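Novice: Now for the letters of each chain:
Protein chains: 2
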Amino acid sequence: MPLPRLQLNSDSSEPMYLQLCAGLVTAIENGTLAAGMRLPAERDYAETLGVSRTTVASAYRELVDRGLLRPHVGRGTFVCAVPEAEQAPFAWRGKISTRVQRVANPALRHLITRGNDPRLISFAAGFPAIDLFPTKEFRRLTDHVLARSASAIARLAPTEGQPGLRAAIAAHFKVRLEQVMIVSGATEGLSLIAACLIDKGDAVIMDRPGYVGAIQIFRAAGADLHGWDIRNADPGELEDLIIRYRPKFIQINPTFQNPTGHTLPERDRRSLLGLAARYRVPVIENDSYRDGYFEREPPKSLYQLDGGRLVLYLSTFSKVLGPGLRLGWIIANEYMIDQLALVKERTNLFTESLGQLVMTEFIRSGAYDRHAELVRKEHGRRCDAFFESMHRHLRSQISLAPKPSGGIYAWGRLPGGYKSADLLDRAINAGVAFGTGEIFYPDESGSEQLRFCFANLLPEQIEEGVKRLTKCFMGQQTTRPVAGKKLPLV
Amino acid sequence: MPLPRLQLNSDSSEPMYLQLCAGLVTAIENGTLAAGMRLPAERDYAETLGVSRTTVASAYRELVDRGLLRPHVGRGTFVCAVPEAEQAPFAWRGKISTRVQRVANPALRHLITRGNDPRLISFAAGFPAIDLFPTKEFRRLTDHVLARSASAIARLAPTEGQPGLRAAIAAHFKVRLEQVMIVSGATEGLSLIAACLIDKGDAVIMDRPGYVGAIQIFRAAGADLHGWDIRNADPGELEDLIIRYRPKFIQINPTFQNPTGHTLPERDRRSLLGLAARYRVPVIENDSYRDGYFEREPPKSLYQLDGGRLVLYLSTFSKVLGPGLRLGWIIANEYMIDQLALVKERTNLFTESLGQLVMTEFIRSGAYDRHAELVRKEHGRRCDAFFESMHRHLRSQISLAPKPSGGIYAWGRLPGGYKSADLLDRAINAGVAFGTGEIFYPDESGSEQLRFCFANLLPEQIEEGVKRLTKCFMGQQTTRPVAGKKLPLV
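Protein chains in written order, with my numbering: chain E, 31 to 520; chain H, 31 to 520.
Simulated from the structure, these hints should not be mistaken for laboratory data. The model shown is predicted, which means the values in this text are computed figures rather than measured ones. Among the hints, erroneous ones may be present.
Same chains, same label: a pair holds when it works inside one copy or across any pair of copies.
Taking lysine to aspartate or glutamate and the DMTMM-like style, the derived pairs with C-alpha atoms no more than 20 Å apart in a straight line are [to be verified]:
1. K125 with D229
2. K125 with E468
3. K125 with D254
4. K125 with E364
5. K330 with D414
6. K125 with D368
7. K230 with E364
8. K433 with D259
9. K204 with E364
10. K230 with D254
11. K433 with E44
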């Protein structure tokens, strides 16, 4: 090996090991030492250079730290890279935390992007009838708030939320104001709860299939996820999971569930709460869809049935008014609200004020209830239109789960062996999108399933979307005989 | 020890160990087994009961899991608690993550609370002249946005931010739109950066004293913090810190710094960047106060001097318009924007839309620049008023750091041995508040120092606040001879 001939000066004010470093860097830069070459053993090199072994060891360690050398146990130290010129872009990639490496899954982003792509008729992202957004009322109330207290929207505000909005929600749920915290959407709620409760390696039980955001948030926090089949709702299965995994908590969306549309009957709710009480496992209830029932109010929430002891309640205005407002709330005991506020303070200090002040007026004036009533009816109509279109065009190709009694989702299954991700590729080319099933499973099964959000499309758009989807199957018929085949029930 | 007399039934469908559990729980509940009692050794108890040792071991383990028993190695298994009745509130405390335990410091909340307490003249929280908030213009632009595109504020929006606002910021900083990300305030920016870059145990170098929020956010993410004296700005000290701790990054607020008001001269900026480049350490530049110069523009940002290679830039509208808007931005290369967006997606999906759309119009119409100009002049006047009042009333009691040339803070020091936390107790009673020094130190020194935000008080309020503070020292004079004493320079 061509050793670089270095002159080290023991009279210099620069330490010997840094002089050696500089010499080695030059040798690496000019190619005398090429990537992959092995450096001499510390002892040998020290002898050659007439310096102490410590000097050589320090220099090697320094260059290992700078990323230029790499030690291989028992094999020696190797040149591993050419140093980047100071002009070169910095390799940020090497700095990324393991936490972020755990979440490098773009499923959520794809849903959002497809929900906003004007070329697509999108059943993908989950949002309500935005076309019904109460523009006039919202504009009036916003102006009212700004006229009355414009500078209030610029001031610091409490991390727990604007007192008026907390009070309005507290009154609706018959809890104290101190038990309510405003969050920037249910996603922030889940994220604060995860930060507050999950330590790396903690087990979490959640509904299966379940909300993709919850899966990704809990996983990012370091949780091991275990799914409980929400539609079977077998207490035996739940007890087995609790005993086996000793979960930090159970997370569930029991009403008009995302993604299946399923609603847990009161009997199932009570047995879930019984198990939670027996094993002292807290329950996170994501109840984001409650206000979106079509005809009859859903069963009492877990929070209500449990009296708020073991259950932490989470909801949002996104599924009635629209996700752009980023306003949701948590109901919990004051101790937990305090802990969640400590985390939120370090996440974004507090939720912006104008939206909260307007929403307070929106609730107080009765406009929220009126709008929810309107949305409920229209979502019911759109749900009917979707099931009717699907039955007419695709009953042999996609088997749908029972029609939900509220919410914004329908859940379906493709015939055996046909993957929804493959269908989605064809569908996007045909100008229509949906959610693929596997993103809703913590164990990445569900590849034959699919989720449709019917709430934000007019009946004629729904019909057109379903027709476009039909075309994807036509092309398939020659190779995959799916049409006309009797399909398994979902 | 009175062993509970249990009848276990091997013909029952309930496993033997669960029967034993139930019996032990009853015994604990009725006091037969009191907290602190030792249970018999597994082998002995199995013999007594005529069951296998496994049954006893399983029952003990189950009750350890339920929190009723606690094993002590070599000493046996003890009753550690009375089981709570199902009606009792759940002990959420035991579920809190270690991450949250790391951040149980209310310093930030105290600053906010004191900033909003109407009984106080508060120099505590850091915000600009809210009384100048451009109410009329903001109301007009909000109405304009709602009239033009009300439903846009309800829709899903990109995690990276509204394209219009990104474009406006990109144009100002002469970068591409893809390099800009909108965040819900600088606090969210720091929090996303921390989640993206910090692994537990990573070293981070930051300015000392420095922003309390940064200290708490980095610490919550698991970083070990090492302070670099921002006012000395000694490159030798920085190089020592880099070599000793190999930091993941350096975070610094180089312009009108929080809390000292200090601005790093261009020479110091260049030596900092030289070291960062030599050791390949990225730099997070928090530049939240740049637009708040009083007369002359501050030196070029680190981002500008470095050409955006090693520097990630963060700023906010909070220090010109007010913190209630929760709008800030990050400028970085596209790879980092992607990573940060992945984290933000799991934090709150995206920042609410109305504020972004209004801010876009606010910038485009020139109203932002006009307002910044107004705020700059007024902040300069209030800074003069503050220094003048302090000189008149408290020059012997509080030694102030040099008057800043922008921003919203003044930094001071009390005579030796007098703690600012003690002064604050008296001050709050007297109706005035400030920030205590130690919260701005990662090593909790600085207890004799204090931070004043002068920007949100009218000159007459400043004078009154300083007078109230003077009273706190009067009471002290008999026991602590601080007045008239020559004080060390800060």
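Novice: Run every hint past the structure and note whether it holds.
Specialist: Hints and how they fare:
1. When the C-alpha separation of K125 and D229 is checked against a cutoff of 20 Å, the pair qualifies only between copies, where the shortest distance is 9 Å, while the shortest distance within a copy is 22 Å.
2. Within a single copy, K125 and E468 get their C-alpha atoms no closer than 30 Å, and across copies no closer than 30 Å, so neither meets the 20 Å cut-off.
3. For a Cα distance limit of 20 Å, the shortest separation of K125 from D254 across copies, 16 Å, qualifies, whereas the shortest one inside one copy, 25 Å, does not.
4. Taking the shortest alpha-carbon separations for K125 and E364, only the inter-copy value of 15 Å comes in at or below 20 Å, while the best intra-copy value is 38 Å.
5. In this assembly of identical chains, the alpha carbons of K330 and D414 never lie at most 20 Å apart, being 25 Å within a copy and 61 Å across copies at closest.
6. When the C-alpha separation of K125 and D368 is checked against a cutoff of 20 Å, the pair qualifies only between copies, where the shortest distance is 14 Å, while the shortest distance within a copy is 33 Å.
7. In the homo-oligomer, the alpha carbons of K230 and E364 never lie at most 20 Å apart, since the shortest distance is 25 Å inside one protomer and 29 Å across protomers.
8. Proximity of K433 and D259 under a CA criterion of 20 Å is satisfied intra-copy only: 18 Å inside one chain copy versus 65 Å between copies.
9. Proximity of K204 and E364 under a CA criterion of 20 Å is satisfied intra-copy only: 15 Å inside one chain copy versus 47 Å between copies.
10. Taking the shortest Cα distances, K230 and D254 sit within 20 Å of each other both inside one copy (8 Å) and across copies (19 Å).
11. Proximity of K433 and E44 under a CA criterion of 20 Å is satisfied in neither setting, with 77 Å inside one chain copy and 39 Å between copies.
In summary, the structure is inconsistent with hints 2, 5, 7, 11 from the numbered list given earlier, while agreeing with the others.
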